[in-house]
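Protein chains: 2
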Amino acid sequence: MNEFKQLSQEMRQAITAEMKAVLNVIEAQPDLFFGMMHYHMGWRDEQLQPANVNAGKQIRPVLCLLACQAAGGSWQQAVPAAAAIELLHNFSLIHDDIEDASPTRRGRKTLWTIWGQEQAINAGDAMFALAHLALHRLVDRGVAAETAVHALRRFDETGVRLTQGQHADMDFETRDNVSVDDYLAMITGKTAVLLSLCAELGALIAGQDAETVQNYAKFGLNLGLAFQVIDDILGIWGDESVIGKSASTDILTKKKTLPVLYGLSQNSNLQQLYQQETTDDAFVQQAIQILNHTGARDDATERATYYSETALGHLEAAQPSGPASIALQQLSAMLLQRNF
Amino acid sequence: MNEFKQLSQEMRQAITAEMKAVLNVIEAQPDLFFGMMHYHMGWRDEQLQPANVNAGKQIRPVLCLLACQAAGGSWQQAVPAAAAIELLHNFSLIHDDIEDASPTRRGRKTLWTIWGQEQAINAGDAMFALAHLALHRLVDRGVAAETAVHALRRFDETGVRLTQGQHADMDFETRDNVSVDDYLAMITGKTAVLLSLCAELGALIAGQDAETVQNYAKFGLNLGLAFQVIDDILGIWGDESVIGKSASTDILTKKKTLPVLYGLSQNSNLQQLYQQETTDDAFVQQAIQILNHTGARDDATERATYYSETALGHLEAAQPSGPASIALQQLSAMLLQRNF
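Line order of the protein sequences matches chains A and B.
Each residue of the first sequence is one higher than the one before, counting from 1 in our numbering.
Each residue of the second sequence is one higher than the one before, counting from 1 in our numbering.
If we strip away everything but chain A, and leave its shape as in the complex, we get (with noise of 0.2 Å):
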């Protein structure tokens, strides 16, 4: 078992003991208003009745820990901020599912094809007030008042770019000239800045000085636009069997990825192909083609590599230290060493 299986392994018990705790915060006896998010957690049926669905990796507060560890501190001391932000990322899926409409994630029902929008909505809300209160749960074990209100501001910080990631994302399907830069700028708030949170906030807890603390917010930025990035590149060119989707489906539904509007901003052809209404597979053996000819797949790659190299960079400028350390690295060549 390799560093960062073992710690995150451990890592992981804590932060949902944690979030449990908080999401039973007001209320010892959940009814349906903590129902509806013990549900969205996978920690109950739709019945309400105690469900253990697999939370996933939790790449993400897992990152803010590891940080912390690495950064000379204790990751225990950091697993509020864990929680929080774990909070924040389901706060905003919830709302999210309502916005795209999605009737499932992760093969169950969304909240609020069960309980409807409305509930739904309010849900969210209340979940985004508890990730606060999570936060504040670094207080009780003994981080000192500057630097839980520190941590709060940008929490909320972060909080406002995720919402303007998510503003460009829906403003994206109503328009045709999205350029590279506003995509860039999209994934930032919508991906990025949340993995930056993560280990920002574990090197502050930590104790480190502002430089430092940079170092590892600048790690976790550019650690989410590599991982966005080659995420694009897969859902074109990926290995079917690898990315477990069929590498056709960003074309067939013309999703506006990096390198597709790499190629709209480059190439006429491309651009008269995709005011197509309908696709099939002659569109999308078509579409490959220019894409490739206009070299959108090298751009990605390229980009791909400088964000790669650059997170890694300010990882090792941080000069992290311990088995947390072997961890981040391991954790960043699982997100970055992805064929493609």
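Among the clues, some could well be false.
Because identical chains share one entry, a pair is satisfied inside a single copy or across any pair of copies.
Unchecked claim - Derived pair list, reagent style DMTMM-like, types lysine to aspartate or glutamate, alpha-carbon separation capped at 25 Å:
1. K255 / D100
2. K57 / D31
3. K57 / D299
4. K5 / E46
5. K255 / D31
Rather than coming from a laboratory, the hints here were simulated on the basis of the structure.
From a predicted model like this one, the values you see are computed outputs, not experimental measurements.
On the provided structure of chain A, position chain B as indicated by the hints.
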């Protein structure tokens, strides 16, 4: 001009200026993301051109500043808290309008009817995050980190209570067995806890001891409860020329207000009547006759009197001083001494 009018006029200007600063805190040049929020606040019209819609009395943030001043503080220092509370209130209005499918608010189209539910949900989320950033500005005004953390924690505990109140309010629409106690818990969450927070944070920022802060909190809580119960009474027995809407509206729409729930718990004739699908003038007359007969009006009046006296008792116990103290009493009188 009395103390309340004089002080509140000056305060409202400071509150609005603070909110405007916060809603541009991330970007100097507001785009649609901020534009939607500016529209909701009445600062821009549907085309995002500058507008100046009457912001109303802003009772909540003014209460916060008056409490701070009356508790021996400087109201200017509490302006970030007042702005945060008003933004919190407005975030909840944006989402309530979606949840209640309300097409208009104060004679203007609601956010979701112009820009769609998806973007409106997200705009509400953004305003919730920004409300927190408003509160963080306390630190910039010299408030100690410990006090700021305390204020932030109470802010989010109140946020959870608000969503619990909204959850209950929506839940009641689908239930036949709502008790008077259920109802009081619901209005505590939906109305009273926010007024309580206003007074509490004012006194907290003024540096008062825990007991005095609690007296302010209980003053606000009971003021909110009294206000809502009086509203319920006026919604059935009020003078139409005073309350500005037909006094029978609450009966015609079979709204589950306190007197109705009391009546339903006491009288099976009313239960039968309320099972009628349609309502008309005869329905209203019959319902009011039964309500009068069961003592529903007396019950509500007794409660309103109890909450009013409790509120004023806590205000007295808090020993407020100066013109702001007189203004607080004038504000209370405005809210409590409506003819019922």
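Hints versus structure:
| no. | hint | in the structure |
| --- | --- | --- |
| 1 | K255 / D100 | within (14 Å within a copy, 33 Å between copies) |
| 2 | K57 / D31 | neither (28 Å within a copy, 36 Å between copies) |
| 3 | K57 / D299 | neither (30 Å within a copy, 56 Å between copies) |
| 4 | K5 / E46 | neither (31 Å within a copy, 53 Å between copies) |
| 5 | K255 / D31 | between (40 Å within a copy, 24 Å between copies) |
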